Amino acid sequence: MTLTRLAPYLQATPLTLILAAFLVLPIATITMVSFWDYDSIQIFPAFVFTNYEETITSPVTWNTYINTLKFTVIVWAVTLLVGFWVAYYLAFHIRSATTQMVLFLVCTIPFLTSNIIRMISWIPFLGRNGLLNQTLMQLGIINQPLEFLLFSDFAVVLAMVHLYTLFMVTPIFNTLMRIDRALIEAARDAGASGWQILTNVIIPLAKPGIAIGSIFVVTLVMGDFITVRFMSGGQSASVGLMMANQIALLQYPAAAANAVILLILVLLLVGGILRIVNIRKEL
Amino acid sequence: MNKKTTDTSAAGAATDAKSGLSRRHVLKGAAALGGLAGSGAVTGFPTIWAQNPITLRQFGTGVSNLNAIAEKCKADLGITLQMTALDSDAVSQRVVTQANSFDIADIEYWICKKVFAAGTLQPMDVKKIKYYDDIVPIFTTGKLTPESKIAQGTAPSTVGFVEGPESKTFAKAPTQWMTLIPTIYNADTLGIRPDLVGRPIKNWKDILDPAFKGKTSILNIPSIGIMDAAMICESAGVIKYGDKGNMTKAEIDTTIDFLIKTKKAGQFRAFWKTFDESVNLMASGEVVIQSMWSPAVAAVRSKGIPCVYQPLEEGYRAWGGGLGIAKHLKGAQLDAAYEYINWYLSGWVGAYLNRQGYYSAVLSTAEKNMTPEEWGFWMLGQPAKTDILSPEGKVMYTAGAVRDGGSFKERMGAVACWNSVMDEDRYMVRRWNEFIAA
Chain R
1 MTLTRLAPYL
11 QATPLTLILA
21 AFLVLPIATI
31 TMVSFWDYDS
41 IQIFPAFVFT
51 NYEETITSPV
61 TWNTYINTLK
71 FTVIVWAVTL
81 LVGFWVAYYL
91 AFHIRSATTQ
101 MVLFLVCTIP
111 FLTSNIIRMI
121 SWIPFLGRNG
131 LLNQTLMQLG
141 IINQPLEFLL
151 FSDFAVVLAM
161 VHLYTLFMVT
171 PIFNTLMRID
181 RALIEAARDA
191 GASGWQILTN
201 VIIPLAKPGI
211 AIGSIFVVTL
221 VMGDFITVRF
231 MSGGQSASVG
241 LMMANQIALL
251 QYPAAAANAV
261 ILLILVLLLV
271 GGILRIVNIR
281 KEL
Chain Y
1 MNKKTTDTSA
11 AGAATDAKSG
21 LSRRHVLKGA
31 AALGGLAGSG
41 AVTGFPTIWA
51 QNPITLRQFG
61 TGVSNLNAIA
71 EKCKADLGIT
81 LQMTALDSDA
91 VSQRVVTQAN
101 SFDIADIEYW
111 ICKKVFAAGT
121 LQPMDVKKIK
131 YYDDIVPIFT
141 TGKLTPESKI
151 AQGTAPSTVG
161 FVEGPESKTF
171 AKAPTQWMTL
181 IPTIYNADTL
191 GIRPDLVGRP
201 IKNWKDILDP
211 AFKGKTSILN
221 IPSIGIMDAA
231 MICESAGVIK
241 YGDKGNMTKA
251 EIDTTIDFLI
261 KTKKAGQFRA
271 FWKTFDESVN
281 LMASGEVVIQ
291 SMWSPAVAAV
301 RSKGIPCVYQ
311 PLEEGYRAWG
321 GGLGIAKHLK
331 GAQLDAAYEY
341 INWYLSGWVG
351 AYLNRQGYYS
361 AVLSTAEKNM
371 TPEEWGFWML
381 GQPAKTDILS
391 PEGKVMYTAG
401 AVRDGGSFKE
411 RMGAVACWNS
421 VMDEDRYMVR
431 RWNEFIAA
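Chains as they are written, first to last, in UniProt numbering: chain R, 1 to 283; chain Y, 1 to 438.
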C-alpha cells in the first residue's frame, strides 16, 4: 500500500534531482552572485544592488536589449514564414510518406556539421571580395562590392535565420501532420477558398507547433552571442555578447545581474507565447 | 653573492652584440658561483627529471605557448610541459580564479599588474635565475640604454619586482624578488596592405583617412585597444594625454566619444579579438589598415599577400610577457620550474622567438643559437644576406629584404607606451563596451 503511494514520487525523483542539480542550483547561484561586489580581479560576497543599478541605468544596456529584441523579432518573423512554408509543403504537397520523411531528413542534413562552421562559412561568401560580390560584379549587376553583406546586422540576421529555421520547421511540420485531413475536405465542401482554409483551419490548428518553434527561436536568439560577434565583426551588440565581455573581464556579478534580467525577460516572452497558445492542450 | 648590481649589468647587456663573448665567460663564472651558493637547484640535471618525471602545466596567450618549445624542453630537461593557450582575458581570469590549475603562468605584464595582488603567484628569487644579469634592462631598470626614458603605460619594470618573497606590493626599483621572468616582447604598430592603401602611411592618424572608410579595424581587447585608440587620438590632435597608460576619466571620455563618432561615421569595418580574425580581415582585403600583431603580418605575407608592419612617427605600442610561478609550487616541482626558466633563457627558445619576429629577454644567449645572417636581419635591421626562414623552415623573407622598422634598438627604442591596466580600469571597460555597442 505504502509502496504504491510512494511509487510516483520515486519515479519523479531522478528528474527532480537532475533539474535541481543542473537547473535550480546554477540559477540560484547566479542570482546570489548577482548581488555580490567585485573589483578588477575578484568577487566578494555582499548584498549590493549596484550591479542591477549599473545595468539598468546604463543607456548601453537599453540599446543592447533593444538591439537584441530587434534581432529576435526579425529572425522570429523570417523563420516563422520560411519554416511554415517548408512545413506546409512537406505536409500537404508531398503525398508519399516516404518522400516526406526523406525530404524532412534532407532539411536536417546541414545540422550534421557544427553550428559555428555553418555560420563562419558565410564569411568568405559574403565578404567584400567574396563569392557573391565577385559573381555579381562579373555579371555586371553591380560595379562596387556590396559592403552591407558582411559585418552588418543583415549578416547577423541571415546567419541566424539559416541556423534556426529548422527549429521552426520541425514542430510546425509535426502539428501539420496531425491535422485530420477530413477537416480540410469538410472546409472545402462548405465552400471555403484555399486562403480561407489556410487561415481558418490550418493555422489555428498549427498554433501549438508555431508556439513551440517560436519558443525555440526566441530563446536561442535572445541568448546568442557568437553569431552576433562573428557576423557583425564585433560591430553590433547583443545581451549575450555583453555578458561574455563582462565575464571575460572578471566582472561576474555584473554578468550575473545581466543574466537574471535576461532570464526574466525571456520567461516573460515565453509566458506571453503560452498565454496566447495553449500548448498542453495539443501535446 | 651580490653580483646582481643591476645598474652595471644593465648597461652591459645593452651593448649585447659586440662584447658578448668575453662577458659571457665572466657571467658563466658568476652563474656557477650563484649555483654553488644558492640552493643548488639551478644547475641542470636532466637525469633527475628523467628518473622522477615532472610535469609542469603552463598556460598563457597563444604567442609563446608553442609545441616546439614543449618538445625541446622534454628533450633537453626531461620535463613535460603541458601547454594551454587562451586569450588574454581568459588568462587573467584563470590566474585569479583557478590558482591550482596551473604551475607556470605565461602572462603579460599588464595582466600581472592586475592579478598579482590576488596572491596566486609567487615571486622568484633572482639569485636562482642564471641569466638574470643578461636580461634586457627594459625589464629591470626600465631603460633600454641609460639615457632612455621609461615609456608610458604599464612598463614591465614597474611591475617586475616586489618588495619581498611574501609581498604583493610592486617595488619601484629592482629587488631580489621578480614577479615575472620576461620571455617575449615586441613593439606593435599598424599593419597595412601596401598594394591597397595607395599612399605612404606615416602616422597613427592615417587610419582615420576618409579614403579608408569602412576598410579599417582596431582590436577589441579593451586594455590593448584603448592604447591603439590613444595613439590614434593623440596623433590626430584630438587630445594630449598626461599618461596614455593611466588615463583620467575625462581622458577616457574624450577618447571613447571620439571612437564612437568615428564608428558611427562608418570608418571601421570590424573589430577583431583573435589573431586569426586579424589575419583573415587583412588577407581577404576587408580591411587595408588595422591594429595588428607582428606574427599576424607574417601570416598574411606567408599567403603571398603583401602586408607591411608599418613603423609610425609617434612610435610603437609595446607589450611584454613573462613566466610566473604558481604559489602552490614547492619542492621538486619548484626546482623544476626554476630549471625550466633558466633553460628558457639559455638561448634555444630565444633564437626561436627572435626568428618569429618577437624579441627574447636574454639576447646574448639567443645570438649564439642564430646564424650571423639571421641575427643581422632580425636584430640589427640589416638587409637579409640569404633567405630568411621561419622556425618551421618556410621562407619568410628573401635575400635583400629588410625588417619593417629596422633594428632592435630602433624598434624597442621608439616605444611610446606599453599595454597597460589603468586605475580607472572599470570605468574604461564600461565605456569601451559602450563604444562596441554604439
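Rather than coming from a laboratory, the hints here were simulated on the basis of the structure.
The structure displayed is predicted, hence computed values, not measured ones.
Idealized CB from N, CA, C, for every residue including glycine.
Accuracy of the hints is not assured; some may be wrong.
To be verified - Which chain R residues stay away from chain Y? Per the calculated CB distances, all over 10 Å, these: (1) Leu3; (2) Pro14; (3) Val60; (4) Leu81; (5) Phe92; (6) Ile109; (7) Leu112; (8) Gly130; (9) Ile142; (10) Phe151; (11) Ala182; (12) Val266.
Stated by the list, open to error - Short derived list, chain Y residues pointing at chain R, Cβ under 10 Å: (13) Gly214; (14) Asp253; (15) Met370.
The hints, checked one at a time:
no.: 1; hint: Leu3; result: holds (47 Å)
no.: 2; hint: Pro14; result: holds (31 Å)
no.: 3; hint: Val60; result: violated (5 Å)
no.: 4; hint: Leu81; result: holds (29 Å)
no.: 5; hint: Phe92; result: holds (44 Å)
no.: 6; hint: Ile109; result: holds (27 Å)
no.: 7; hint: Leu112; result: holds (24 Å)
no.: 8; hint: Gly130; result: violated (8 Å)
no.: 9; hint: Ile142; result: holds (16 Å)
no.: 10; hint: Phe151; result: violated (5 Å)
no.: 11; hint: Ala182; result: holds (54 Å)
no.: 12; hint: Val266; result: holds (20 Å)
no.: 13; hint: Gly214; result: holds (6 Å)
no.: 14; hint: Asp253; result: violated (14 Å)
no.: 15; hint: Met370; result: violated (37 Å)
Of the numbered hints given earlier, the model fails hints 3, 8, 10, 14, 15; all others are met.
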